[in-house]
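S.K.: Using the sequences plus the hints, can you model the full thing?
Chains as they are written, first to last, in full-length UniProt numbering: chain A, 1 to 347; chain B, 1 to 347; chain C, 1 to 347; chain D, 1 to 347.
To be clear, the hints were calculated from the coordinates, so they are not data collected in a lab. Heads up, the beta-carbon is just placed ideally off N, CA and C, and yes, glycines get one too. Accuracy of the hints is not assured; some may be wrong.
Label pairs and their computed distance ranges (CB to CB) [said to hold, decoys possible]:
| # | chain 1 | residue 1 | chain 2 | residue 2 | range |
| --- | --- | --- | --- | --- | --- |
| 1 | C | L46 | B | E123 | 39 to 45 angstroms |
| 2 | D | E120 | B | G252 | 25 to 31 angstroms |
| 3 | D | D253 | C | P13 | 45 to 51 angstroms |
Negatives, chain C to chain A, calculated, CB over 10 angstroms [said to hold, decoys possible]:
| # | residue |
| --- | --- |
| 4 | S34 |
| 5 | G74 |
| 6 | I281 |
Protein chains: 4
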Amino acid sequence: MNFASDNAGGVHPRIMAAIAAANEGPVPSYGGDSITRVAQDRLRELFDAPEAAVHFVVSGTAANALSLALLSPGWGKVFCHTDAHVQTSETGAPEFFTAGAKLVPVPGAAGKITPEALAEVLEVNGRDSVHAGQNAALTLTNATEWGTVYSPDEVEALSAIARAEGLGVHMDGARFANALAGLDVAPADLTWRAGVDILSLGGTKNGCMAVEAVLIFDPAKSEEFAFRRKRAGALVSKHRYLSAQILAWLDGDLWLQLARHANAMAHELGLGLARLPGVRIDQRVDSNAVFATIPAELHRRACEAGISYHLWPHTQTGDGEEPVSIRLVCGWDTRLDEVNAALQALA
Amino acid sequence: MNFASDNAGGVHPRIMAAIAAANEGPVPSYGGDSITRVAQDRLRELFDAPEAAVHFVVSGTAANALSLALLSPGWGKVFCHTDAHVQTSETGAPEFFTAGAKLVPVPGAAGKITPEALAEVLEVNGRDSVHAGQNAALTLTNATEWGTVYSPDEVEALSAIARAEGLGVHMDGARFANALAGLDVAPADLTWRAGVDILSLGGTKNGCMAVEAVLIFDPAKSEEFAFRRKRAGALVSKHRYLSAQILAWLDGDLWLQLARHANAMAHELGLGLARLPGVRIDQRVDSNAVFATIPAELHRRACEAGISYHLWPHTQTGDGEEPVSIRLVCGWDTRLDEVNAALQALA
Amino acid sequence: MNFASDNAGGVHPRIMAAIAAANEGPVPSYGGDSITRVAQDRLRELFDAPEAAVHFVVSGTAANALSLALLSPGWGKVFCHTDAHVQTSETGAPEFFTAGAKLVPVPGAAGKITPEALAEVLEVNGRDSVHAGQNAALTLTNATEWGTVYSPDEVEALSAIARAEGLGVHMDGARFANALAGLDVAPADLTWRAGVDILSLGGTKNGCMAVEAVLIFDPAKSEEFAFRRKRAGALVSKHRYLSAQILAWLDGDLWLQLARHANAMAHELGLGLARLPGVRIDQRVDSNAVFATIPAELHRRACEAGISYHLWPHTQTGDGEEPVSIRLVCGWDTRLDEVNAALQALA
Amino acid sequence: MNFASDNAGGVHPRIMAAIAAANEGPVPSYGGDSITRVAQDRLRELFDAPEAAVHFVVSGTAANALSLALLSPGWGKVFCHTDAHVQTSETGAPEFFTAGAKLVPVPGAAGKITPEALAEVLEVNGRDSVHAGQNAALTLTNATEWGTVYSPDEVEALSAIARAEGLGVHMDGARFANALAGLDVAPADLTWRAGVDILSLGGTKNGCMAVEAVLIFDPAKSEEFAFRRKRAGALVSKHRYLSAQILAWLDGDLWLQLARHANAMAHELGLGLARLPGVRIDQRVDSNAVFATIPAELHRRACEAGISYHLWPHTQTGDGEEPVSIRLVCGWDTRLDEVNAALQALA
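M.R.: Take a look at the structure:
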C-alpha cells in the first residue's frame with residue numbers, strides 16, 4: 001500500500017504502448033521528428049496558445065530551473081512559497097541555472113501565497129538597487145506542495161501584483177493535471193489568461209515515464225531556452241520517446257482521467273482517515289495528497305501493516321509517543337481496494 | 001537509408017521489452033529500486049571495479065559535463081582533442097558545470113591526441129599560476145569523433161603524462177562499446193587499468209532509449225556527483241526505466257553484439273565506397289563511422305537516392321562542383337541490405 | 001552632519017601618508033612586494049595565528065563572497081542572520097561566487113543569531129540529501145548590521161553548534177574593529193579561538209581607502225582563495241597600496257583608536273537622542289551605529305538642519321505623520337562638535 | 001633596472017596628489033559623489049560620446065570579464081587572439097562572469113587578428129546551433145600583448161566582419177593610451193567610430209594606482225553592468241579615490257604624455273638592443289614593450305647586471321645555451337638613463 005510518492009508509480013499502459021509504437025525505424029533526433037511536432041502542436045491547441053513555444057525535458061527540476069533562468073538574471077530575486085519545491089527540494093538548481101538568483105520565500109497557510117503576503121514581501125524587498133538586487137519573478141506551484149489548489153482568480157490576483165512590479169510569472173505544474181482536474185476550467189484559464197508566462201507541465205508523476213513539458217507563452221524566449229536546455233545536458237537525443245508519452249497522455253484526456261482518479265482516491269483516503277479517532281486532517285484535499293496528523297499508535301500500526309507514506313516535515317522521527325504529521329499521496333495507479341485496505345488496517 | 005546519426009535509430013527490441021517488463025507496480029524512486037542496484041552491480045562486475053560508483057543520466061552531455069566538474073575547478077584547464085564532442089557540440093556545458101573551466105584543444109590527426117601533442121600543449125600551458133589557471137584534467141573520446149579508436153596502450157601513455165602533471169583523466173565513451181568491440185580487451189583494460197578516473201559510458205547511441213552510465217572509479221567523488229546530478233535537473237525520478245535499459249543492454253553481451261554489428265556495417269560501407277571512382281576514405285574505419293571525400297556528382301546522386309549523411313565539417317555547402325567531405329554512421333539497426341542498396345545506388 | 005554611512009568618510013591622514021610613502025620606485029606586483037609580506041605577517045602576529053593565510057581585496061562583498069565560496073559548494077546552504085549584509089546588500093554575490101549556494105536566513109532580535117534559533121533552523125533544514133542540499137556554513141556579522149556585538153562566548157556557542165553539524169564558520173567583520181573595541185578581548189578570542197574559520201576584516205569603513213583582509217585560519221584553503229580572487233578580477237596588481245593601508249591602520253593600534261572613537265561618538269549620539277521627547281532607541285549601542293525611532297516632526301527638523309542618515313528599513317517613505325525608524329552611523333571622522341550640533345538642532 | 005612589468009611602477013605624483021586632495025570630508029559613497037560625475041563626464045567628452053555609460057573598477061580582469069558578460073551569454077563564443085590576456089592570463093574570469101562562454105582563439109602574427117584569420121575561424125565556427133553555441137563577441141587588445149597596435153582602419157575592418165555575423169565588439173585597452181599615443185587619432189576613431197561597443201580603458205599600468213574605466217557606448221547596457229559589478233564585489237565604496245585618479249590622469253593629457261614617454265623609452269631600448277650582436281627584435285615596437293631573442297650569454301649578463309624582464313613565453317627556462325626570447329616593458333617611470341645603463345651593461 002504505497003502512499004509515499006507519485007514518483008513510485010509505474011507508467012500507464014497506454015503510454016507504455018505509445019513508447020513501444022514509436023519504435024519504428026530511424027527518425028531525426030533532438031526533436032526534429034514528426035511525433036515531437038505533433039505533440040507540440042497538440043499542447044498549443046490544448047492551451048489555446050498557437051504561438052507558445054513547447055519544449056520537453058525529463059525532470060521537473062530541469063523544467064523549473066530552466067524556466068526561471070528565462071525570467072531572472074543572476075542578480076534577480078525569485079519569489080516563491082516557503083515550502084515550494086524549487087526552494088526545498090531542488091538542491092539549488094534555480095540558483096545554479098540562473099547563475100546566482102536568490103529565492104525569496106513567501107510564507108502562507110496551506111502552501112499558498114496570498115496577495116497580502118506577496119505584497120508585504122515585495123515591499124520589504126522594495127529596494128531594486130545594485131545592492132539589493134532586482135525583483136525578477138514569481139513562481140507558483142499548482143497544485144501546491146500541500147495538496148491545495150490555486151483557482152484562476154487566485155492566480156490572476158497574484159500575477160497582477162507581480163506584473164505591476166515588473167516580475168515574470170512561472171507556474172510549477174508538476175501536478176498541474178491534479179489542479180486542473182478539480183477546477184473544471186480550461187488550461188488557458190489557469191495559465192496565460194491568468195497572467196502566467198511559463199508553465200512547467202508535469203507528466204512524470206501522472207502516468208508518464210519521464211517527461212515534463214515547458215510551455216513558454218511568449219515565444220521570443222524560445223531560442224534562449226533551447227540553448228539553455230542543451231548546455232544543461234537536458235536535451236534528449238532520441239526525442240520521439242518523450243513526445244510519444246505526451247501524445248498518449250493527452251489522447252482522449254487520459255491525463256485528466258488519471259489526475260481525477262488520483263484526486264478521488266485521495267479524497268476517499270482523507271474521508272476515511274478523518275473518521276479515525278485522534279486523526280486531524282491538516283489541509284483541504286484539493287488534489288491527490290492527504291496531510292494529516294495521527295496518533296503515534298496509529299503510525300506504528302500503519303508501519304506494521306506495510307502502509308508507506310512520508311513524515312512531513314521530514315525532521316520528525318516518528319518514534320515517540322507524540323502525534324506525527326504525515327503526507328499520503330495517491331497516484332494514477334492507486335486502487336480503491338488499496339485505500340480501503342489501508343483504512344481497514346488502521347480502523 | 002540513414003547514415004546520418006546513431007541517434008536516429010530506435011531502441012533494440014530486447015531493451016524495449018525490458019523497459020515494459022520493469023513496469024510492475026510501485027517501487028522506490030530516484031534510484032532506490034532494486035533494478036537500479038542490480039544494474040549498478042552488473043557494471044561494477046563487468047568493469048572488475050567493485051568499489052566504483054555508478055550513476056545514470058539521460059544524455060552524454062550531462063554525463064560528460066558532470067564528470068568533468070568532478071575533475072576540474074572553475075579555474076581549471078581541461079585538455080581535449082580539437083574536435084572533441086565536449087569542445088564542439090555541447091554548447092559550453094563543461095564550462096557551465098565546472099563554473100568556468102577552460103577547454104584547451106589539442107590538435108591531432110584522426111581525432112586522436114598523441115603523447116607528443118599532449119606534452120607540447122601541456123608545456124605551453126605550463127604556468128600553473130593564479131593568472132594562467134590550473135591544469136586540471138584530460139578527456140579522451142573513445143571511439144573518437146573521427147571513428148578511430150585508442151588502444152589500452154595509447155590510453156595508458158596519455159594517462160601517464162596527464163597524471164604526472166596532476167591531471168585527472170576522463171573518457172567520453174559515448175561510443176565506448178564500438179571502441180571495445182574492435183579491440184578484444186576487457187573493459188577495465190581500456191579504462192581504469194589504463195589510468196582513466198571517470199568513464200561516461202554511452203548506451204543511447206547503441207540501442208538504448210536514453211541512458212548513459214557514469215563510472216567513477218574513485219568512489220570518494222560519488223557523493224559530489226549525486227549532488228551535482230540532482231541540481232542539474234539530471235536525476236530521473238522513475239529511475240528503474242533507465243536501469244532496465246542498462247541491464248538488458250549488458251545481458252548476454254548485447255551491447256557488444258550491437259556495437260560489433262554497427263562496426264561491421266561501417267566496414268562494409270567503407271570498403272564499398274573505397275571502390276568507387278574518385279572516392280577517398282579519410283580515416284581508418286575502427287568503429288561505426290566512415291569519413292570520406294566524394295566527388296560532387298556522387299554527392300548529388302546520393303541525395304537523390306535518399307541516402308542521408310552529414311557533411312563533415314558542417315561548414316561545407318555541398319552545392320558546388322568541389323568534392324565534399326562526409327560522415328556516414330552505422331548503427332545497431334543498420335541492415336546489410338541497406339548498405340548494399342546505398343552502394344548500388346552510388347555505383 | 002553626516003551620519004549616513006561610514007563609507008562616506010575619508011581616509012585617515014596617517015593612512016593616506018602611508019599610501020604616499022609606498023610610492024617609491026618599482027616593486028613586484030600582485031602581492032610579491034615586501035610591504036605586502038610585512039602586512040600579512042603583522043596580521044598573523046596580531047591574531048596570534050602564525051599559520052593563517054592572509055589576502056587583501058578592495059571590497060567587503062568580495063571578501064565575504066570569496067570566503068563563503070571556500071566553505072560552501074554550489075549545492076550548499078549558508079546560514080546567516082535575516083538582516084545579514086551578505087543576504088540583503090550583496091546582490092547575490094555569495095550565490096554567484098559559490099555557483100549557486102542558498103543563503104538560509106535565521107531570524108533573531110538585535111541582528112543576532114541565538115543558539116536556539118540556529119538549532120531550530122538547522123533542524124528544519126536537517127535533510128542533508130541530494131534533494132535538499134548540503135548544510136555547509138554559518139556566517140556571523142560582528143559587529144552586526146544592527147550595531148550590536150557578539151561576545152567571544154556567543155561566537156563560541158554558535159560555532160559549536162555549527163561545527164557539530166559539519167558547517168564551516170565565517171565572520172563578516174566589516175566592522176570587526178568596532179566590535180573588538182568595545183569588548184577588551186584579543187582578536188584571536190573573537191575569531192579562531194571561538195571557532196571561526198575565516199574572517200573578513202574590514203578596513204575601508206574604519207579609516208582606510210579600500211582594503212579588506214581575509215584571514216583564513218586553515219591555510220590549506222589559501223591556494224584556492226588565490227585562484228578565486230584572481231578570476232574574480234579582485235587581485236589588485238599594484239598591491240603595495242593595499243598593504244600600506246593595512247600597515248598604517250594597525251600601526252600603534254590606530255585601527256582600535258579609530259573604532260573606539262566612532263563607538264564613543266555613537267554612544268554620545270544615542271544618549272543625546274534618548275533624552276529627546278518621543279524618541280525610542282531601538283538597539284543597544286554596542287558599536288558605531290544608533291538605531292532609533294523618532295517622531296515625524298523630529299525627522300523633518302533633522303532634514304532641514306542638514307543631518308543625514310538612512311531610513312531603516314529603506315521601505316519607509318518618511319513623509320507622513322508616523323514615527324520613522326532611522327540608522328545613524330558614526331565614523332572615525334565624526335567629531336564631537338558635530339554630534340552636539342546635531343543634538344542641539346533637534347532639541 | 002625594471003623592465004619586467006608596467007604593473008611594477010608606482011603612481012605618478014600628480015595622480016597621487018589628486019588622491020590626497022580628494023580626501024576632504026564625507027561624500028556620498030558608491031559613485032554618488034561629484035568627483036565621479038565629473039570624471040565620467042570628462043571621459044564622455046574625450047571620447048566624443050555624450051551618451052556613453054562610464055564605470056570604474058580596480059582591475060583589468062574585472063573590466064574585461066564584466067564587459068564580455070554584457071556581450072556574450074553563457075552559451076556564447078567570444079573570439080580573441082590566441083595570446084589575448086583574457087585567454088592566457090585571467091584564470092577563466094571571462095568564462096566565470098559569462099557563466100560559461102567559450103573563448104575561441106584566433107591565431108595571428110604579432111599578436112594581431114587579421115580579417116582573413118577572423119573570417120576563417122568564424123567559418124569553422126559557423127554552426128550557430130544549440131549544439132555548437134552562439135557566436136557572440138569579438139575582443140581585440142590594443143595595444144596588443146606583443147606590443148603592436150591596431151590602427152582605426154584595422155579595427156574597423158575586423159568590427160565590420162564581426163558585426164556582419166551579429167557579434168558585439170569589445171576592446172581590451174589595458175594599454176589603450178600606449179596605442180593611441182603612437183597613432184595621432186582621436187579616441188573615438190579607435191573605438192566606437194571603428195565599431196567598438198565596449199572599451200576597457202586601463203589606467204593602472206599607465207601611472208594610476210588602481211583604476212580601469214569601462215566605456216559602454218550603448219548606454220542601454222549600463223544598468224546590467226552596474227548589477228554585475230556589484231555582485232562581483234567590484235564596486236568600490238569610497239569611489240572618489242578611483243575617480244580622482246582618472247581626472248588627474250586625463251588632466252592636461254597626462255595620460256598621453258605618460259604613454260608617449262613609455263613608448264619612447266621602448267623605442268630607444270629596442271634600437272639599442274638591435275645593435276647588439278646576436279640579438280633579434282621579434283616584433284615592431286609600436287607601444288611600450290620590446291620583444292627580442294637574445295643569446296644565452298647576453299641573458300646571463302643581464303641577470304647579473306640586475307636587469308629584470310620576463311622570459312616570453314614563460315615556459316622557457318633560460319638556463320641553457322639556447323637563445324632566449326624575452327619581453328621588456330617600459331613604463332611611465334622608466335628613465336632614459338636606466339635604458340642607457342641597461343644597454344651599456346649589455347654592450
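S.K.: Holds or violated: the 25 to 31 angstroms window for the beta-carbon distance between E120 of chain D and G252 of chain B?
M.R.: Given about 50 angstroms between the Cβ atoms, the range is violated.
S.K.: Go ahead and decide if the range 45 to 51 angstroms is satisfied by the Cβ distance of D253 of chain D to P13 of chain C.
M.R.: At 31 angstroms between Cβs, range violated.
S.K.: Mind verifying the non-interface call on S34 of chain C? Its CB should be farther than 10 angstroms from each CB in chain A.
M.R.: Given that every Cβ of chain A is farther than 10 angstroms from that of S34 of chain C, nearest at about 37 angstroms, it holds.
S.K.: Does the hinted range 39 to 45 angstroms hold for L46 of chain C and E123 of chain B at CB?
M.R.: The hinted range 39 to 45 angstroms holds for L46 of chain C and E123 of chain B, with Cβ atoms some 43 angstroms apart.
S.K.: For G74 of chain C, which was marked as not at the interface, is the minimum beta-carbon distance to chain A over 10 angstroms?
M.R.: violated (6 angstroms)
S.K.: Would I281 of chain C pass as off the interface with chain A, using Cβ distances and a cut of 10 angstroms?
M.R.: Non-interface label stands for I281 of chain C: nearest chain A Cβ at 23 angstroms, farther than 10 angstroms.
Of the hints listed earlier, those the structure fails to meet are numbers 2, 3, 5, in rising order.
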